[in-house]
Structure formats: structure tokens, C-alpha cells
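Going down the list, the protein sequences come from chains A and B.
Heads up: the first sequence is residues 298 to 408, going by our numbering.
Heads up: the second sequence is residues 169 to 529, going by our numbering.
Be aware that one or more of the hints could be misleading.
Claimed, not checked - Partial list, derived from the structure: chain B residues whose beta carbon lies under 10 Å from chain A:
no., residue
1, 226
2, 232
3, 233
4, 291
5, 296
6, 297
7, 313
8, 316
9, 318
10, 349
11, 353
12, 359
13, 361
Note that these hints are calculated values from the structure, not bench results.
Even for Gly, the Cβ is constructed at its ideal location relative to N, Cα and C.
Below are the chains, spelled out letter by letter.
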Amino acid sequence: MHFFVILKTLVKNLFSKPATVKFPFEPREYPEGSRGQVVIDTSTCIFCGLCQRKCPTAAITVVRAEKKWSIKRMQCISCGACVDACPKNSLKLDTKYYTPDVTKKEDTYNA
Amino acid sequence: MEGKKRTIIPFGPQHPVLPEPIHLDLVLEDEKIVEAIPSIGFIHRGLEKLVEKKDFIEYVYVAERICGICSFIHGMTYCIAVEEIMKLNIPQRAHFLRVIWSELSRLHSHLLWLGLMADAFGFESLFMQSWRLRERILDIIEETTGGRVIFGSSKVGGVRRDISREKMQEIVRRLKVFEKEIKELSNVFIKDASVQHRLCGVGVVSKEQAYALGAVGPTARGSGIASDMRKLGYAAYKEIAFEPIIESTGDSYARCLVRIKELFQSIDIIAQAAEKMVDGPIDIKVSGTPDGEFFARSEQPRGEAVYYIKANGTKFLDRVRVRTPTFANIAPLLKILPGASLADVPILILTIDPCISCTER
Numbered sequence: 298m299h300f301f302v303i304l305k306t307l308v309k310n311l312f313s314k315p316a317t318v319k320f321p322f323e324p325r326e327y328p329e330g331s332r333g334q335v336v337i338d339t340s341t342c343i344f345c346g347l348c349q350r351k352c353p354t355a356a357i358t359v360v361r362a363e364k365k366w367s368i369k370r371m372q373c374i375s376c377g378a379c380v381d382a383c384p385k386n387s388l389k390l391d392t393k394y395y396t397p398d399v400t401k402k403e404d405t406y407n408a
Numbered sequence: 169m170e171g172k173k174r175t176i177i178p179f180g181p182q183h184p185v186l187p188e189p190i191h192l193d194l195v196l197e198d199e200k201i202v203e204a205i206p207s208i209g210f211i212h213r214g215l216e217k218l219v220e221k222k223d224f225i226e227y228v229y230v231a232e233r234i235c236g237i238c239s240f241i242h243g244m245t246y247c248i249a250v251e252e253i254m255k256l257n258i259p260q261r262a263h264f265l266r267v268i269w270s271e272l273s274r275l276h277s278h279l280l281w282l283g284l285m286a287d288a289f290g291f292e293s294l295f296m297q298s299w300r301l302r303e304r305i306l307d308i309i310e311e312t313t314g315g316r317v318i319f320g321s322s323k324v325g326g327v328r329r330d331i332s333r334e335k336m337q338e339i340v341r342r343l344k345v346f347e348k349e350i351k352e353l354s355n356v357f358i359k360d361a362s363v364q365h366r367l368c369g370v371g372v373v374s375k376e377q378a379y380a381l382g383a384v385g386p387t388a389r390g391s392g393i394a395s396d397m398r399k400l401g402y403a404a405y406k407e408i409a410f411e412p413i414i415e416s417t418g419d420s421y422a423r424c425l426v427r428i429k430e431l432f433q434s435i436d437i438i439a440q441a442a443e444k445m446v447d448g449p450i451d452i453k454v455s456g457t458p459d460g461e462f463f464a465r466s467e468q469p470r471g472e473a474v475y476y477i478k479a480n481g482t483k484f485l486d487r488v489r490v491r492t493p494t495f496a497n498i499a500p501l502l503k504i505l506p507g508a509s510l511a512d513v514p515i516l517i518l519t520i521d522p523c524i525s526c527t528e529r
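Work the whole structure out from these sequences, hints included.
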């Protein structure tokens with residue numbers, strides 16, 4: 298019969314740094330390649346609409362005539378299908394996540 | 169029945185020990201359970217029906233979201249089924265990457281389960297320690313796939329991301345260190361008297377019962393049935409040497425031991441896969457549409473998952489049917505509940521590692 302087998306681990310934990318990050322005060326480091334939010338470079342975008350067609354959640358809307366690219370951030374699942382589809386590499390996945398919100402906003406970008 | 173008064177206690181769908189909603193009507197005589205009547209369907213999302221709206225390439229994202237814990241294996245099994253229908257020859261490197269990510273998700277799922285189990289029998293510091301270690305695996309997953317829970321790295325025709333040779337060696341090195349730490353953690357589960365007191369001899373399923381009730385995964389292996397779908401050799405498992413882990417006692421402790429040993433087995437499989445991995449492309453171009461039907465089976469952390477896919481030659485599939493491991497394990501659960509005391513119910517429900525969100529889809 299063994300008792301208090303965890304004691305060694307507990308004592309070690311007592312004298313070591315916490316495993317968690319004190320988040321709002323200490324920034325969270327995102328690793329390279331983390332799938333955060335989609336960012337667009339409108340200077341190179343040709344508004345072809347491929348990203349809109351490839352988006353599995355229909356979060357992206359492209360209006361070619363008005364040169365308007367908009368994304369419903371809450372609907373986006375950060376899968377990166379649009380980034381893979383973009384012929385001009387105007388779309389990128391940022392490592393930072395979209396900030397939480399209480400309303401479903403749509404971000405619009407114009408050329 | 170003379171003199172014994174029966175009480176019905178509703179258990180769930182909201183309960184502190186349940187991470188997901190399952191409802192059981194427990195019929196009790198004093199403290200002993202005589203019958204358990206389950207009802208599921210609280211979080212049905214209609215994901216199988218969604219296949220009519222999303223084309224077969226987009227549906228990978230839906231398949232990954234069937235379960236939040238074994239998401240990668242769900243997506244992978246779906247991809248394997250579609251690839252078999254379309255007779256695609258996937259590059260060998262993609263197969264190995266699939267094995268590595270499958271095992272990483274098994275590691276994090278089992279550590280999650282160990283934590284939940286510790287929480288269920290009231291061992292808070294063990295729970296914290298398990299989840300603390302699980303965080304390391306999540307970090308590796310995030311570095312390689314970009315997501316912590318939803319990997320998003322499966323696709324029809326291969327995988328979407330590659331792991332460089334240096335990164336792979338680094339992961340194997342980190343897992344070696346990690347192995348020592350889970351050894352320390354598993355010692356508590358294996359040796360500690362308080363853990364044994366709550367798990368040993370509780371919820372026994374005999375080998376015959378487990379077979380007759382169709383138990384899968386660690387529930388079956390804990391009862392001595394060597395059923396492990398990885399032995400079918402999907403992805404690159406046919407090139408990896410491993411044996412299914414079995415325990416013979418069939419109680420909660422045996423199921424716990426199976427999962428602990430699988431942690432070490434997964435680390436070993438990742439090391440083997442990293443060594444045997446060949447260079448080359450990670451995906452092939454998919455053209456055309458699937459036509460035909462296929463049954464794909466895979467071993468998830470919770471047991472065997474079956475995907476049935478029927479395609480009709482258009483880009484929209486006719487039918488996707490998923491048999492999830494938890495669904496198969498509910499029958500053994502109902503067998504082990506009668507005779508147990510009410511205080512053991514949370515532990516017994518957790519020993520099958522219930523994942524209700526994939527059961528109801």
C-alpha cells in the first residue's frame with residue numbers, strides 16, 4: 298500500500314514557477330504558424346472572389362465593382378482555405394486571434 | 169420486491185462531473201442501483217445532414233468538428249473514406265504525418281481523461297497535474313498544425329501542413345522528457361491507495377460481456393479483448409510495430425491502466441514514425457468527384473469509429489453515417505451501473521470516456 302505518492306510532485310510544484318501565464322499582464326506568445334485571424338493586403342488584392350467561393354462558412358463577401366472585401370469575423374473558423382486559394386497571396390493568417398466581442402460585426406476593407 | 173422501496177434519481181444532463189450532457193434515470197433501492205435508463209439527444213446538431221449543403225472537400229471541416237477532442241481522427245477517417253472511393257494514392261509522407269497527429273491527439277485525450285477521472289474521485293491536485301502536462305501536448309499541436317483543439321490539417325488527398333525534419337526531432341526530444349513526467353504522474357494513478365480504493369473492483373465487465381455488448385476501445389481492452397483498429401493498418405500504422413494493450417480484470421482500474429499504458433505507447437509510435445518518415449510531397453491534387461461507397465474504420469482515443477460514405481458522382485455526397493465509439497460503449501455502461509452504489513456513478517460514467525457531442529453529432 299502506497300500513500301501520498303503525489304507528494305513529491307506537489308513539493309516540486311510548490312517551489313517552481315506557475316505553469317500558467319498571468320494573461321492580461323503578461324502577453325501570450327503565439328507560436329509561428331498559429332491560425333489566428335485572416336488579414337488582407339488590399340493593395341495587391343484583385344477582388345477575384347476565389348476566397349469567397351472557397352470559404353466553407355461563407356464568412357467572406359467580395360464585391361468586385363466596388364472593390365470591397367469584407368469578412369464576418371465571428372463566422373470565420375480560421376481554417377485557411379481562403380489563404381490557400383488566393384492567387385495573389387494577398388491573404389494571410391495572423392497568429393493573433395480576433396478579439397472577443399458581443400456583437401457579430403463585419404469588417405470591411407476597400408482598395 | 170417486498171419491503172424495498174424504489175427511488176428514481178435523475179442524473180444529468182447537467183452535473184458537476186459530466187463535461188457533456190447525458191441523462192440517466194437511475195432506479196435505486198436504498199443506495200444500490202437496480203436499473204439505469206439513458207436518454208441522449210440534448211446536443212444534436214444535424215452534422216450528418218449538412219453533407220447535402222457542403223461539398224465533399226468542404227465537409228472535412230464539418231467532420232473535424234464532430235468531436236472537439238478527437239477532431240483530427242474524425243477528419244482523417246472521413247478523408248480516408250473519400251480517398252478510397254476516389255482511388256487516390258496518397259504520398260507516404262502524408263500517411264506518417266497522419267499517424268503522428270493521431271497519436272498526439274490520443275495523448276492529449278487520454279491526459280484529459282485522466283484529469284477528469286481524478287476530478288471525479290475528488291483528487292484535485294492530480295487533476296491539475298494531468299491537465300498541466302496535457303498543455304505541453306497542446307503546445308506541440310499548435311506549433312505543428314496551427315490549432316490547439318481543431319487541427320485543421322486534414323484534407324482529401326493528403327495533409328495541409330508539413331513538419332520539418334528538425335521540428336520532428338525536437339518533438340521527439342521533448343516527448344522523451346515528457347515521458348519521465350507522465351511516469352511520475354502515472355505512478356500516482358497506479359500505486360496510490362486512495363485511487364485504488366475508488367477504482368479497483370468497481371464496474372467490472374467480463375470479457376464475454378464486453379464482447380456481447382460490443383464494447384470498443386479501452387473499455388474492450390480493459391476487459392481483455394485485443395481490439396485495436398490501428399492494427400488494420402490504415403495510414404502508416406502497418407509500418408509501425410506495436411501491440412494492443414490489454415488488461416484482464418475489466419474493472420475501472422483496468423481501463424485506467426490501459427489508458428496510462430497507451431500514453432507511453434503513443435510516444436513510442438511517434439518516435440517510430442519520426443524515424444521511418446520518408447521525404448516527399450504531402451498531398452496530391454484531387455480532381456473529379458467520388459462515386460461509390462466505403463466503410464472506413466479508425467481507432468480513436470475512445471475506441472473504434474466507423475464512417476460510412478456514399479457518393480453519387482456529384483460533388484455533394486449522398487450520405488455520411490458515423491458510428492462513434494461512445495455510442496458503442498453506452499451498452500457496457502448500462503451493464504455496469506446496476507449493482508453499483510450511487511456514489512460510484514460519476515466514476516463509472518467516466519470510465520467509458522463519454523463524448524456525447526460526437527455521439528449525437
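To see whether the hints hold, each was checked on the structure:
1. A distance limit of 10 Å between C-beta atoms decides the matter here; for residue 226(B) the minimum to chain A is near 4 Å, and the interface restraint holds.
2. The criterion of a C-beta within 10 Å of any C-beta in chain A is met by residue 232(B), whose closest approach is roughly 9 Å, and the hint holds.
3. At about 8 Å, the closest approach between the beta carbon of residue 233(B) and any beta carbon in chain A falls short of 10 Å, and the interface hint on this residue holds.
4. Of the supplied interface hints, the one on residue 291(B) holds, with its beta-carbon coming within about 8 Å of a beta-carbon of chain A, less than 10 Å.
5. For the restraint placing residue 296(B) at the interface with chain A, the shortest Cβ-Cβ distance is roughly 9 Å, inside the 10 Å limit, so the hint holds.
6. Checking residue 297(B) against chain A: minimum C-beta separation of about 6 Å stays under 10 Å; hint holds.
7. The criterion of a C-beta within 10 Å of any C-beta in chain A is met by residue 313(B), whose closest approach is roughly 8 Å, and the hint holds.
8. Checking residue 316(B) against chain A by beta carbon gives a least distance of about 8 Å; that is within 10 Å, so the hint holds.
9. The interface hint given for residue 318(B) holds, since its Cβ lies 8 Å from the closest Cβ of chain A, which is under the 10 Å cut-off.
10. The restraint placing residue 349(B) at the interface with chain A holds, with a minimum CB-CB distance near 9 Å, inside the 10 Å limit.
11. Of the supplied interface hints, the one on residue 353(B) holds, with its beta-carbon coming within about 7 Å of a beta-carbon of chain A, less than 10 Å.
12. Satisfaction of the interface hint for residue 359(B) is found here, the shortest Cβ-Cβ separation to chain A being roughly 4 Å, below the 10 Å cut-off.
13. Checking residue 361(B) against chain A: minimum C-beta separation of about 5 Å stays under 10 Å; hint holds.
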